[in-house]
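Enquirer: First to last, the protein sequences are chains A and B.
The first sequence maps to residues 1 to 209 in full-length UniProt numbering.
The second sequence maps to residues 1 to 209 in full-length UniProt numbering.
Nothing false has been slipped in among the hints.
BS3-like cross-link-like pairs, simulated, lysine-lysine; straight-line CA separation at most 27 Å:
1. A:K176 to B:K5
2. B:K145 to A:K145
3. B:K176 to A:K192
4. B:K204 to A:K93
5. A:K192 to B:K192
6. B:K5 to A:K128
7. A:K93 to B:K192
8. A:K2 to B:K77
9. B:K2 to A:K128
10. A:K128 to B:K192
11. A:K89 to B:K192
12. B:K89 to A:K176
13. B:K2 to A:K176
14. B:K37 to A:K2
15. B:K128 to A:K204
16. B:K204 to A:K104
17. A:K128 to B:K201
18. B:K201 to A:K104
19. A:K192 to B:K128
20. A:K192 to A:K128
21. B:K93 to A:K204
22. A:K201 to B:K104
23. A:K192 to B:K89
24. B:K89 to B:K128
25. B:K93 to A:K201
26. B:K176 to A:K89
27. B:K2 to A:K89
28. B:K2 to A:K37
29. B:K201 to A:K93
30. A:K77 to A:K128
31. B:K176 to A:K13
32. A:K5 to B:K77
33. B:K37 to A:K5
34. B:K204 to A:K13
35. B:K13 to A:K176
36. A:K2 to B:K128
Bear in mind the hints are in silico, worked out from the structure with no lab data behind them.
Source: prediction; values computed, not measured.
Number of protein chains: 2
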Amino acid sequence: MKITKENILQFEKLYRTNFINSLSGFKSANLIGTASKEGNTNLAIFSSAIHVGAHPPLIGLLFRPVSVPRHTYENIKETGYFTVNHINKDIYKQAHQTSARYDKELSEFEECGLTPEFSDTIQAPYVKESNIKIGCRFVEEHWIKINDTIFLIGEILEVILPDNVVLDDGYVDIEKAGTITISGLDSYHETKRISRLSYAKPGKELNTL
Amino acid sequence: MKITKENILQFEKLYRTNFINSLSGFKSANLIGTASKEGNTNLAIFSSAIHVGAHPPLIGLLFRPVSVPRHTYENIKETGYFTVNHINKDIYKQAHQTSARYDKELSEFEECGLTPEFSDTIQAPYVKESNIKIGCRFVEEHWIKINDTIFLIGEILEVILPDNVVLDDGYVDIEKAGTITISGLDSYHETKRISRLSYAKPGKELNTL
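For reference, chain A alone in the conformation it holds in the complex (with noise of 0.2 Å):
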């Protein structure tokens, strides 16, 4: 069926919000760890992380628009770091509960069953029970003026990892790790492989890897 931009003004709220989230394909799961000045944690579960570049290393987030209160943003602008860490099985009710209102004053770690765990070089905390942490310094963020979100940029200070989850070429095996990935507002998925296909070239037939 073909649903017009007309039809999707004119679905319930809700309906349209569950309706449009889908259409992207498959989103990443993170929690995104922040500290106030004064050292009060936010954690914060997070679909839009996307990779921005590799040298320097980068990692983008998209923003909710600024009339909402974002603790998770106004900490980054605050303190300049921010932590990234992959969402699992074993942790993703947990992770959704960060997505309930709590005040400023309440840790979402505390309130959700996480647990935050500090480096010496990023002033946010990681998520102890995460297999894949990364830690991030602020760079830059760019304001979408059609609906007042933003898209913020962070630069990759260091990456926590199990040692076996990193291949040969570089490549890090994040369905060996546990991660797992979001579609729509709420709905969890475990992953597996297809396969690994070589670098494609004109005329040249894939391999898988």
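Here the structure of chain A is known, so what remains is to put chain B in place on it, guided by the hints.
Expert: Leaving out everything else, chain B in the frame of chain A:
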């Protein structure tokens, strides 16, 4: 183990690219269809599409540096239109093959064995073999200064998808539609739903939907 930014900068180039591309988590798997002013069709695999907003309905895409030819970007700027087509297991090899560097006169549709399909609204080709197809119009773009990439945003004008994958609350069951996900540069994965979770509120137990 801990890997620092200094370690990352000393990695061999392809090793670093594989490593950093894996870190954001699972990625969306889409084919972006465009056409030049003259009507030459182009098709390119993108793993950077993300949800930007539901009202108006928006999708964002990250483009690599301007220094390399980017037919997709050029076509979008020429015509103002692009299509987003979910990749499924039946076409993932053809989809991967679109990443080969074909001359601009050649169409990846023909070279890779996929079929262009047109609608009245969108001046860009859809992929017939894709189950979920989204027609978009360019709305704004942002230049990421630190690595000369571009974050581009399109407004969703129409969505073409099977009736039976849209649930009562608007959620689109993209897993049922066969949509797959990508990790790193070249790894393709099927998904298996763990569960959908209810809207989170402080102090309230989560339910499985």
